[in-house]
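J.: Listed below are the residues making up each chain.
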Amino acid sequence: MIQALFLGGAGLMLLAAAAGVIGGGDSGAGRRKAALALVIAGTVAWMAASAGVLADGAAVDFTLYRLAPDLAFAFHLDRLSAFFCLIIAAVALCTAVYSLKYIEHGAGGRQRDFLTAAMAVFILSMGLVAASANFFALIFFWEMMSLSSLLLVLYERDRAETAKAGVYYLVMTQFSTLFLLLGALLLHRYTGTFNIGAADLSPAAAGLIFGAFFIGFGTKAGVMPFHKWLPFAHAAAPSNISALMSGVMIKVAVYGLVRILLDVLSPELWWGTVLLVFGIVSAVLGVIYALKEHDLKKLLAYHSIENIGIIVIGLGLYVIFSHYSLAALADLSLFGALFHTLNHAVFKSLLFMTAGSVVAATHSRNIEEMGGLVKRMPATAVIFLIGAAAISALPPLNGFASEVMLFQAYLGAFQVPSPLTAVLLFTALAAFALMSALAAACFVKAFGAVFLALPRSKEAEQAVEAPRAMLIGPGILAAACVVLGIFSAQIFRAAGFDLPLIDLLPVTAVTGAIFGLAVFLVRRSGSRVRLSETWGCGIHRQNSKMEYTASGFSEPIVTIFSPIFRTRKSLRREYADRDKSIVTGGSGEIHTLQFFEERIYLPAARLVQRLSGFVSRLHNVDLDAFVLYAFVVIVILLLAVGRWL
Amino acid sequence: MNELIIGDDFIKILLVLVLGSAALIITQRSLVSLFSIYAAQSAILAAVALALFTREGTASLLFMAVLTVASKVIIIPFFLRRLLAVMPIKRDLEFHYLTPIGSIILSTGLFFVVYQAFSALSPALEVSRLFILGAVIGVSLALMGMMVIMSRRKVITKIIGYLSMENGVLLFSMFIAEMPFIIEVLIIIDLLMIIVLSAVLAFGIDSSVEAFHKRLNQLGLDFED
Numbered sequence: 001m002i003q004a005l006f007l008g009g010a011g012l013m014l015l016a017a018a019a020g021v022i023g024g025g026d027s028g029a030g031r032r033k034a035a036l037a038l039v040i041a042g043t044v045a046w047m048a049a050s051a052g053v054l055a056d057g058a059a060v061d062f063t064l065y066r067l068a069p070d071l072a073f074a075f076h077l078d079r080l081s082a083f084f085c086l087i088i089a090a091v092a093l094c095t096a097v098y099s100l101k102y103i104e105h106g107a108g109g110r111q112r113d114f115l116t117a118a119m120a121v122f123i124l125s126m127g128l129v130a131a132s133a134n135f136f137a138l139i140f141f142w143e144m145m146s147l148s149s150l151l152l153v154l155y156e157r158d159r160a161e162t163a164k165a166g167v168y169y170l171v172m173t174q175f176s177t178l179f180l181l182l183g184a185l186l187l188h189r190y191t192g193t194f195n196i197g198a199a200d201l202s203p204a205a206a207g208l209i210f211g212a213f214f215i216g217f218g219t220k221a222g223v224m225p226f227h228k229w230l231p232f233a234h235a236a237a238p239s240n241i242s243a244l245m246s247g248v249m250i251k252v253a254v255y256g257l258v259r260i261l262l263d264v265l266s267p268e269l270w271w272g273t274v275l276l277v278f279g280i281v282s283a284v285l286g287v288i289y290a291l292k293e294h295d296l297k298k299l300l301a302y303h304s305i306e307n308i309g310i311i312v313i314g315l316g317l318y319v320i321f322s323h324y325s326l327a328a329l330a331d332l333s334l335f336g337a338l339f340h341t342l343n344h345a346v347f348k349s350l351l352f353m354t355a356g357s358v359v360a361a362t363h364s365r366n367i368e369e370m371g372g373l374v375k376r377m378p379a380t381a382v383i384f385l386i387g388a389a390a391i392s393a394l395p396p397l398n399g400f401a402s403e404v405m406l407f408q409a410y411l412g413a414f415q416v417p418s419p420l421t422a423v424l425l426f427t428a429l430a431a432f433a434l435m436s437a438l439a440a441a442c443f444v445k446a447f448g449a450v451f452l453a454l455p456r457s458k459e460a461e462q463a464v465e466a467p468r469a470m471l472i473g474p475g476i477l478a479a480a481c482v483v484l485g486i487f488s489a490q491i492f493r494a495a496g497f498d499l500p501l502i503d504l505l506p507v508t509a510v511t512g513a514i515f516g517l518a519v520f521l522v523r524r525s526g527s528r529v530r531l532s533e534t535w536g537c538g539i540h541r542q543n544s545k546m547e548y549t550a551s552g553f554s555e556p557i558v559t560i561f562s563p564i565f566r567t568r569k570s571l572r573r574e575y576a577d578r579d580k581s582i583v584t585g586g587s588g589e590i591h592t593l594q595f596f597e598e599r600i601y602l603p604a605a606r607l608v609q610r611l612s613g614f615v616s617r618l619h620n621v622d623l624d625a626f627v628l629y630a631f632v633v634i635v636i637l638l639l640a641v642g643r644w645l
Numbered sequence: 646m647n648e649l650i651i652g653d654d655f656i657k658i659l660l661v662l663v664l665g666s667a668a669l670i671i672t673q674r675s676l677v678s679l680f681s682i683y684a685a686q687s688a689i690l691a692a693v694a695l696a697l698f699t700r701e702g703t704a705s706l707l708f709m710a711v712l713t714v715a716s717k718v719i720i721i722p723f724f725l726r727r728l729l730a731v732m733p734i735k736r737d738l739e740f741h742y743l744t745p746i747g748s749i750i751l752s753t754g755l756f757f758v759v760y761q762a763f764s765a766l767s768p769a770l771e772v773s774r775l776f777i778l779g780a781v782i783g784v785s786l787a788l789m790g791m792m793v794i795m796s797r798r799k800v801i802t803k804i805i806g807y808l809s810m811e812n813g814v815l816l817f818s819m820f821i822a823e824m825p826f827i828i829e830v831l832i833i834i835d836l837l838m839i840i841v842l843s844a845v846l847a848f849g850i851d852s853s854v855e856a857f858h859k860r861l862n863q864l865g866l867d868f869e870d
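Line by line, the protein sequences are chains A and B.
Everything in the first sequence is counted per my numbering, starting at 1 for the first residue and increasing by one.
Everything in the second sequence is counted per my numbering, starting at 646 for the first residue and increasing by one.
Here chain A stands alone, though its shape is the one from the complex (with noise of 0.2 Å):
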C-alpha cells in the first residue's frame, strides 16, 4: 500500500512534468493549473505514505529497476527517510498551491509552462533522493535534483547576476556531486556495495568518508565556507523556487548527513567538533551577513545558511555525546535538529512565499524601496510576521522549540568527562545565543522595513494585496509554526519520543492570558489616551526620508561586528573655497570585504587559472617537445615498472 502510494505520487509528478511542457502558445493558464494540481495530488500521495510508515514503524523496501547485479533503482522507506519525505512534501504541497497564482505572474506562457514542468521534476528527484535505498540511486537523484534546480535558478536569464548565480551554482553543486560520488565510491571500494547501510570500518577509512560526504553534503546544506552560491542561487530564482530550495532542497543534504552519521558510520568525536565548529561558524556568520543585506531574499538565504549552522550543530552536538554514552542528551540534540529541520522548512518556505508577494507587488527586492506593506498587503504581513517570529526563536512559535531543545542539550555539557570539549560547548553555547539575539534582531530590521511605517517608493506605495492562492500555501505552513511550537511536546510524545520537553501549551496559555488582561486594562483606561502625530523635530509634514531605514537599524550592528565585516568608509567632498570651509557636495560609501569570496574563492579560483594558464602553455609546444613529453611519461613508467614490481 505504501509502495503504491509513494510510487503512485512519484507517477502523478511525472504526469506533471509532461503537463507542463505538452502544449504551447502563451495561453495555457488552464494546463499549468492542472498540471500543479497534479503535483498536489502526488504530494499528498506522498505525505500519506510518509504517514503511514511513521505510525507503522515497519521499514518498506522495493526496487523499481535494476540496471546490473549491483547497480539498481532501489528503495527504502524507514521513519527516517518518511521524515524526510514529509517534510519535501508538506512544503512542496503549499509551494504548488501559492505557485497557482504566483507563476502566472511571470515571463511568456513557454516560460512558466518550463517552469511548472521544471518544478515538478524537481520536487520529484528530492523526493526520490531521500528514499533510495542505495548510492547509485541516490546519486542519480542527486544529479536530477541539481540540474532541475539549476534550470530553474537560471529561470530569468537575461539577468546579469542570474548568470552569475547560474555559474556559482553549477560549480558548486558539481562539487559537492564530486565528493558524494567520492565517497559512494570509497564505501564501495570498503564494503564492495553501494547499499545504505552499516559499513565496519576502520578509524581512518571511516574518517576519509566522512570527510568526503561532509564536503558532499554540506556543500548542498550551504554549510560555510561552502555556502557561497546560496544567497545567489535563492535571490536569482523565483521565489516559489527559493521556497523549495531553502526549505526542502537543503534539507535533503541534511537528510545524507544524518543517514551517514546515524545508519552507515560510527561517529567517532573528532567528527562531532568538526561539525559543532563548523555550524557555529555558519550560524554566526549567517546571521551577521543577514544583518547587513537589504536583498530580501538574500537575506533570507543567509538565514538559511544561519539555520543549517543550528542543524549541524545538532548532529554535532548529537556525536559528542553519543561518543560520552549520555544517551538522552544525544536523542535530545538529534530530535532537536531533526525538529528545527522540519520548522526551518515550514517558516523558511513561508517566509520565501511572502517575499515573493512583496517583491511580486513592489518589482524591488531592496527593503530600502518598501515599508509601509501592513496597510496594503495585511494578510501578507501577518503570515511573515508569523514567520519571522518563528525564525527569531520566538516563544511559543517553532523556531523557539526546536532551539530550546538545543540549548537544553548545550546545558548538559557539564556532564561532559573531557574539560577541553566541555569548555568548547560552553564557548559554542555563548556563540549560539548570540545568534539567536542577532537573528531576532535581523528580523526586527526586515519587518519593520518592509511593512511598517510609509512607503519608501512609488510601487510600494500602490502596492496590493497578494491573491488568495498566494496566501493560502504560506498561510497553512503558518499555521504549521503555531501548531509545532505549542504542541511540541505533545507532537513527540504522540510519536513515542519520551524526551524532557518544556510544554509549551501551558506557558502559551499562561503568556496569552497576560496579554489578553494588559490589552483588556489598556481598552478599559483608553480614555486617557491621547492620539497625536508622531514628533518630527519640528517639521511639519512627515515624510518616509524621515524614518528609521534599514541601514541605519542595522548600522550599530556592523560596526561592532566590523571586523568581521572588514568594512571600509571613503567619503569626499567638495568645497568652495580653498580653505575647505564651505562644503558643496560630496558622497560616502561603505565598502564591505566579500571575505568567503575575496580570501578563499578568488584565491582558488586564481590558482586554477594559473594551472590552466601553465598546461595551456605546455600545449602550445613544438612537435619536440610533444615528444620530450612522451620520453617523460615513458620514463617514469619505466622507473615505476623497476621500483614498484
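Simulated from the structure, these hints should not be mistaken for laboratory data.
Quick reminder that beta carbons are idealized off the backbone N, C-alpha and C, glycines included.
Incorrect hints may have been included.
What the hints assert, rightly or not - Simulated DEER-style distance windows between Cβ atoms:
| hint | chain 1 | residue 1 | chain 2 | residue 2 | range |
| --- | --- | --- | --- | --- | --- |
| 1 | A | Thr63 | B | Ile839 | 54 to 64 Å |
| 2 | A | Tyr629 | B | Leu775 | 27 to 37 Å |
| 3 | B | Lys657 | A | Arg643 | 26 to 36 Å |
| 4 | A | Arg159 | B | Ile839 | 56 to 66 Å |
| 5 | B | Val772 | A | Thr193 | 34 to 44 Å |
What the hints assert, rightly or not - From the derived model, a few chain A residues whose C-beta atoms are all more than 10 Å from chain B:
| hint | residue |
| --- | --- |
| 6 | Leu147 |
| 7 | Phe175 |
| 8 | Glu268 |
| 9 | Arg365 |
| 10 | Ala430 |
| 11 | Glu461 |
| 12 | Ser544 |
| 13 | Arg599 |
Dock chain B against the given chain A, drawing on the hints supplied.
T.: Below, chain B without anything else, positioned relative to chain A:
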C-alpha cells in the same frame, strides 16, 4: 636442421651491434653516414630475425628478415639518398634540448633503467635471459630513436629517428611480444609512405619544422597577393 642453429652468443653480439648503431645515429652529423648506419642497423636486425628463425623455425621470422632487408636495407636508404641528392644540406648540426654527448649519457642511464624494469618483470614473463636482453635493447632502441626525434632540428634527421624507433619496436616484438606478421608489414608500408611524402616535400626538407611552416604560409600569402 639442428646443425644450423645459431648460438646465443652470436645473437648477443648482434644485439650489442644494434645498440652501437643506435649510439652512432645519435651522434652522427653527416646525413650520408646516418643513412648508412640506419641501413646497417636494419641489416643487423634482419640477421637477428634469421638467427631466431634457425632456433624456433617460425616462418614469420624468416619473412620478417626478408622484408626488413628489402625495405629497410635497400628501398628506404635508396629513397633517402635520392632525397639527399636534391637537398642543399649534407650535415645536420642543430640540436634541441640535448647535445649528442648528453644523449649518449642519457641513453646509457636509460638502458640501465629499462634493464632494471625488465629484470623485475622477467619472473612474470617467464622467458630466458637472452629474450629479456633482446627486449631491453628493443625498448632502449625505441627510446633512443625518440631522443633523436626531439633533439634534432632537421626534419630529415627526425625521419631517421622515427625509423630507428620502429626498429626498436621490431626488435622488441621479435623477442617478447610476437607481433603478428601482418602488423609488421603494415608498419613497413607506413614507413615507405613517410619516405615518399618526404620526397614530395623535399623542397622544404632541409629546414626545421618551424621554418617549414613559415615557408608554407609565405606561399599562401603569395597566392593571396
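J.: Evaluate each hint against the coordinates.
T.: Hints and how they fare:
no.: 1; hint: Thr63(A) - Ile839(B): 54 to 64 Å; verdict: holds (58 Å)
no.: 2; hint: Tyr629(A) - Leu775(B): 27 to 37 Å; verdict: holds (33 Å)
no.: 3; hint: Lys657(B) - Arg643(A): 26 to 36 Å; verdict: holds (27 Å)
no.: 4; hint: Arg159(A) - Ile839(B): 56 to 66 Å; verdict: holds (57 Å)
no.: 5; hint: Val772(B) - Thr193(A): 34 to 44 Å; verdict: holds (41 Å)
no.: 6; hint: Leu147; verdict: holds (44 Å)
no.: 7; hint: Phe175; verdict: holds (39 Å)
no.: 8; hint: Glu268; verdict: holds (41 Å)
no.: 9; hint: Arg365; verdict: holds (56 Å)
no.: 10; hint: Ala430; verdict: holds (61 Å)
no.: 11; hint: Glu461; verdict: holds (67 Å)
no.: 12; hint: Ser544; verdict: holds (69 Å)
no.: 13; hint: Arg599; verdict: holds (41 Å)
Comparing the model with each earlier hint shows no violations; every hint is respected.
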